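Please model the complete structure; the sequences and the hints are all you need to start from.
First residue of the sequence shown: 0, per numbering that gives the first Met the number 0; consecutive thereafter.
In short, the hints are calculated from the structure, not lab data. Remember, predicted model here, so these are calculated numbers, not experimental data. Worth double-checking, as some hints may not be accurate.
Unchecked claim - Quick list of simulated restraints, FRET-style, between CB atoms: (1) Arg158 / Gly90: 37 to 45 Å; (2) Ala91 / Lys197: 31 to 39 Å; (3) Pro171 / Ala296: 28 to 36 Å; (4) Ala89 / Ser126: 20 to 28 Å; (5) Glu48 / Ser339: 25 to 33 Å; (6) Lys305 / Ala165: 37 to 45 Å; (7) Pro171 / Gln210: 37 to 45 Å.
To be verified - Think about it this way: if two alpha-carbon atoms lie no more than 27 Å apart in a straight line, the pair counts; the simulated DSS-like pairs of lysine-lysine are: (8) Lys199 / Lys129; (9) Lys80 / Lys305; (10) Lys305 / Lys330; (11) Lys80 / Lys248.
Heads up, the beta-carbon is just placed ideally off N, CA and C, and yes, glycines get one too.
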Amino acid sequence: MAPSPFFAPAARAHSTVPAMFKRLFLSVSALAAALCAAPAMAAEAAWPEARPLTLIVPFSPGGNVDTTARLVAQKLADRLKQSVIVDNVAGAGGVLGVAKAAHARPDGYTLVMGFDGPISVARLINSAVKYDAETDLEPVALVTTAPVVLLARPGLPARDMGELIALARAKPDTLTYASSGVGTVLHLAMEVMQDQAKVKLVHVPYRGGAQITNDVMGGQVDLGLLVTTSATPLVQQKKLHALGVTSAKRVDTLPDVQAFGETPELKGFELNTWTGVFAPAGTDPAVVGRLNQELNAVLKLEDVQKRLAEGGAIPGRGTPQEFAEFLKKEKALYGHIVKSADIQQE
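The following block contains the structure:
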């Protein structure tokens, strides 16, 4: 018996309708996925408009690094038309704040105002540091450099670096010098000086600049190292005599104080403290480039340069690549000194 023609269409519909719904479902699903992805894509493309930036400062409020960071954050916010929030994360000589940035999401919204200690030195003297600045952070811009000043106690028979070297050679392992602690840049600056001049002094680590100042003035130690900001008023008011500054040339605030490199035994000497902005590794190169461009523009502002000069700092400059090369050379220098002098964190 031939099948009834009345049932044939129904059979065909049974196989066709589900296929239609399947195609419709897939189309709607694809559209929904695209719509859901659109806001995320827009947010990425909208940097920095999506939300405020955070600039981590690895010190408590009020210090030189914090003051510099707040000045830069304000001017950067003006240029980006977006808020830049300063987040003070103090502890372990700056290591805690830098670690927070190193482990942050690399989306361009978290930055850190790094400096020499936790970036170039910490991991060399302390294996417990949980980040590698070279691989976990992206250099964005060098913000400031500032030399270290070497001060002499009253009555020390040396008035410049040449006379100090001669005195140290005549009395090896006798002259004492105070720094702000083992492994700090102030300590390493003197280790580099001794290595280059072939002399040996005795290191006396302190916890802060005020105690160094008091003990150098009182003659408890022969020499003391301070950052430019702290040393300049002492020298200008003739409370202490400066033997030299560690920069490549003399500084404007202390024009009568020679640079270390002016002494033949220390030719080419240059070692400065510095601050710089970093992003987590993996941050979009376009974002890093834009930040570098804006930060360099900030550092060219007359009022910014004036504020930095008042603190004894010199505005930085250059590309992220130049900053990275600077860090590479510094790490090699400090690595050599830490190893040769057998410096370990106490």
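Each hint tested on the structure:
no.: 1; hint: Arg158 / Gly90: 37 to 45 Å; result: holds, 41 Å
no.: 2; hint: Ala91 / Lys197: 31 to 39 Å; result: holds, 34 Å
no.: 3; hint: Pro171 / Ala296: 28 to 36 Å; result: violated, 50 Å
no.: 4; hint: Ala89 / Ser126: 20 to 28 Å; result: holds, 22 Å
no.: 5; hint: Glu48 / Ser339: 25 to 33 Å; result: violated, 50 Å
no.: 6; hint: Lys305 / Ala165: 37 to 45 Å; result: holds, 40 Å
no.: 7; hint: Pro171 / Gln210: 37 to 45 Å; result: violated, 26 Å
no.: 8; hint: Lys199 / Lys129; result: violated, 33 Å
no.: 9; hint: Lys80 / Lys305; result: holds, 23 Å
no.: 10; hint: Lys305 / Lys330; result: violated, 30 Å
no.: 11; hint: Lys80 / Lys248; result: violated, 38 Å
This entry does not satisfy hints 3, 5, 7, 8, 10 and 11, going by the numbered hints stated previously.
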